[in-house]
Amino acid sequence: MNALQMAFAELGLEPHQIVLVSGIGCSGKEAHNVKCYGVHTLHGRTLPFAMGIKIANPSLEVLAIGGDGDGLGIGAGHFVNAGRRNLDMTYIIHNNGVYGLTKGQASPTLRLGVQTKSLPKPNINEAVNGIALAIISGFTFVARSYAYDVRHLKDTIKQAIQHKGLAFIDCLQPCPTYNNVTTKEWYAGEDRKDASGKPQPRLYKLEEIGFDPVVRDWSEDFQKKMAALDKAREWDDRIPIGVFYKNELEPTFQERLSSRIPFYMERPPAKQKLCDENKFSTADLSEFIKELKAS
Amino acid sequence: MVVDSVNWMAGGAQGSGVDTAANIFGKACGYGGLHVFGRREYHSNIKGLHSYFHLRISSREVLANVNDVDLLAAFDAETVVRHLNEVSPEGGVIIGTHQLGTKVMEIPTLPPEFKAEIAKFMKENGVGETLNDWLEHTKQRNVHVFPVPYMDLLAEIGEKLGIAQMSKITRMINVLTIGVSFALFKYDRTLAEKAVRETFAEKAKIAEMNVTALNIAYDYAMAHFDGFKHRLEKSAVNEERIFLTGNQAVAMGKVLGGCRVQTYYPITPAADESEFLEANQIIRSRNGEDEAIVVIQTEDEIAAVNAASGAALAGARAATSTSGPGFSLMVEGLSWAGNNEVPLVITYYQRGAPSTGLPTRHGQGDLRFAVHAGHGEFARIILASGDIRECFYDAAKVFNLAEKYQMPVIHLLDKAMANCSQTYPVFDYSKFKIERGEFLTEKELEGKEYRRFRFTETGISPRVALGTKNGVHWHTGDEHNEFGHISEEPLNRRLMVEKRMKKLELVLKEVPLEDKLKFYGDINAENIVVSWGSPKGAIIEALGILKQEGFRLGFIQVRLLHPFPAEEVKKALEGKKRIIDVEDNYTAQLGGIIREATGIAPNYYVLKYTGRPVTTTEVYKAIKNILTDKSSGKEVLTFGA
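Heads up: the sequence lines are chains L and C, in that order.
Under our numbering, the first sequence has 122 at position 122, and the numbering climbs by one with no breaks.
For our numbering, count along the second sequence from 1 and bump the result up by 295.
Keep in mind the hints are simulated off the structure, nothing from the lab.
Quick caveat: nothing in here was measured; it's all calculated off a predicted structure.
Beta carbons are placed, not taken as given, at the ideal position from N, Cα and C, and that holds for glycine.
A couple of the hints might just be wrong.
The following label-pair restraints were derived from C-beta to C-beta distances [claimed, not checked]: (1) L:R84 with C:M517: 54 to 64 Å; (2) L:R84 with C:E497: 26 to 36 Å; (3) C:N787 with L:T183: 53 to 63 Å; (4) C:S623 with L:R233: 38 to 48 Å; (5) C:F416 with L:R256: 29 to 39 Å; (6) C:K410 with L:R233: 22 to 32 Å.
Please take these sequences and the hints and turn them into a complete structure.
Dropping the structure here:
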């Protein structure tokens, strides 16, 4: 939350220019705690609401925020299809592996066989890999960050907002109440200290190993995607954060609409006049009538 | 029963050009100043199963179909088997000579339950096994049979146009039947030529091929057939007319009403509307600055309804369009829109249900569902159109209702209206006003504290589009306070529930009577019909015939179904001897709502749930049974293949 507000401030965005769309889950209430337009929607439906808002008024900075259950469980269909459209907006998933509001059932990102303290039995389902799914679904900016690294998260959010196209951030987030497996201490590697007693952190930054996620020409795309997918497989011992994939060559949905409606950006649906000063609808139906004429 | 119309039907396998033929036929009639009403029936199937189009043509406005067919243009044997009993005495059947030897029980597309019916018919009437035997049998009823050697005619066309490959022109059997039909009706062939050219306006070569085919067939019929008595005659007309479907009328109405975002997931019979909108998405404007509607095909109906809500919150007039199964998926989103007072429009075309039901067939079984859909209690408006003209104006009006009262509006339609087509004088749309209700701008907000859900006397809180300066606010599916933040406080809860619900009282107070009810016939008579939706046309026509026979009868069409105009309905029904409820469902849902709201129950029911719309003929017969005390109280209608 801090990271979001810092990112908005550093980008010079005014509260009324931003719409924060959230789902249901612990992250759902986030929309109420930030000074900007907030739309707290239904479980799993953040992306459709965000899409409608962005299409009606593309000048708005639209961010969708949800939990892992919200985005990759009940809303997984929207996740995949959002990728196909590449709307110029940002989607952040708070990934903690559990359903907190209903007392800690396994979320879609919890791995097979893991048993958090709230689970009566080990998880019987394998996890979905949000990063990999985003890449193959067509998100054009795919990154991961960590909730306790506020600075990194803020920078990642800034990059996502500035990205031209649909951006996805997988925000790793311990759930202190229900997830006693992937805890803050686990991420920090306190369970595996070296000989000197120093914890060996699991998280490392892609930018620090010189990983280049940017597609600058379509000929590089396949290779960059494969490299990103390879990184997306890493878990347990070493967990990468940072940008996995970035491609601004893909036309955004707004660009696609503009190719059909040349004035779309200047006069999007929410900004059209509809009527004259006396409120009479200005729609001229003569083209329709010509097509249907039968006399 | 005297009906001053001519009835033409084209039938054939899906994909063989039945729709195109009917469109050409209807337009050609329109060009001659005639009125047309068309009903399209088809299977839930892409290609191959039986489909047909019934066109009723008259010099006066026609509002519904009748049972009779005066000329049956059969593209295949099944059409004959399905519809021969509908052909009127002195009527005719056009059929390819190559079909005459077809053994009817061997027609591969006939379902077993229908085969059982026809086996019984053949046995009881001593009818032989070939199509020719059937046609011979029907000649006893003075039905004329016009066998056409389509293959020879196609060969002639191929030769004339220099096309050796027959498969390229066999599709034109549909146009050949039009040529033969118009020759039999002795109708001006130049009008048919014009209709063909208009239909294929973007493909000049195909247009000319079809005109050639039309003329060859016309000449053949003129030279070989006589004895057919029905005529279609041009009549002078001094008004501009259009021929359109309910889907098209709704699309045009939405454009007029300022709808600028339409979301949908493909579903019959709603998708045609969205496609028509997308094909015409640039909107010419009288002020010279083009506008446009964005049509989004979403991944499912859940996305469709919620994206439409999002667009509406951002300040666009937004709608989604669907039928029963899709609406089922939208229900959670509807509840959210109700809680957040979103001006969301849902165009809801009912079809045969439950479940997948009869995807391409008609039904009115979802009234109760539309009224009650969604968990919890919230305000909504349901407006039902009864004909294609109303579809147009209502499709525009619902946006005013949605924005003025800040609640979801369901425009409730059905398959019959979606797919029926009718000629009308061009709709006058010059008087339509866009009323956006209390909608604040940046300037009006300056220096004030804004509360999206401010408690007011009427329950309506001035609205602000997302993105407006000085208007930052919140929405949530949770119960909320005036700012839109979550609140579980009991006092706030009570006030919020009351605020949302009392808007319905305002709707009832402000909506004009003609949008609540419409009255037809002799409204002071002791007998009255009540109905809603597409049965309207057949009821009005039946009333006309009954009036000629000396029966006094009125008809109330209920348009506003929620909030229910109980006072007005009660006033209209009080003291009536017979209240006859006509609906295309099993449980008489409107009848139940009337009883619930007014304490007055209909005492006669005319119901149909075969998946086919009611015809004038059967409504007339059923009401007459009731008026002459021959009815047990419930008339179940069954007509239609």
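Consistency of the hints with the structure:
1. L:R84 with C:M517: 54 to 64 Å: Taking Cβ atoms as reference, R84 (chain L) and M517 (chain C) lie about 57 Å apart, which means the hint holds.
2. L:R84 with C:E497: 26 to 36 Å: This hint holds: roughly 30 Å between Cβ atoms.
3. C:N787 with L:T183: 53 to 63 Å: Hint violated: Cβ distance 38 Å, outside 53 to 63 Å.
4. C:S623 with L:R233: 38 to 48 Å: About 39 Å separates the Cβ atoms of S623 (chain C) and R233 (chain L), which means 38 to 48 Å holds.
5. C:F416 with L:R256: 29 to 39 Å: Since the Cβ atoms of F416 (chain C) and R256 (chain L) sit about 57 Å apart, the hinted range of 29 to 39 Å is violated.
6. C:K410 with L:R233: 22 to 32 Å: 59 Å, violated
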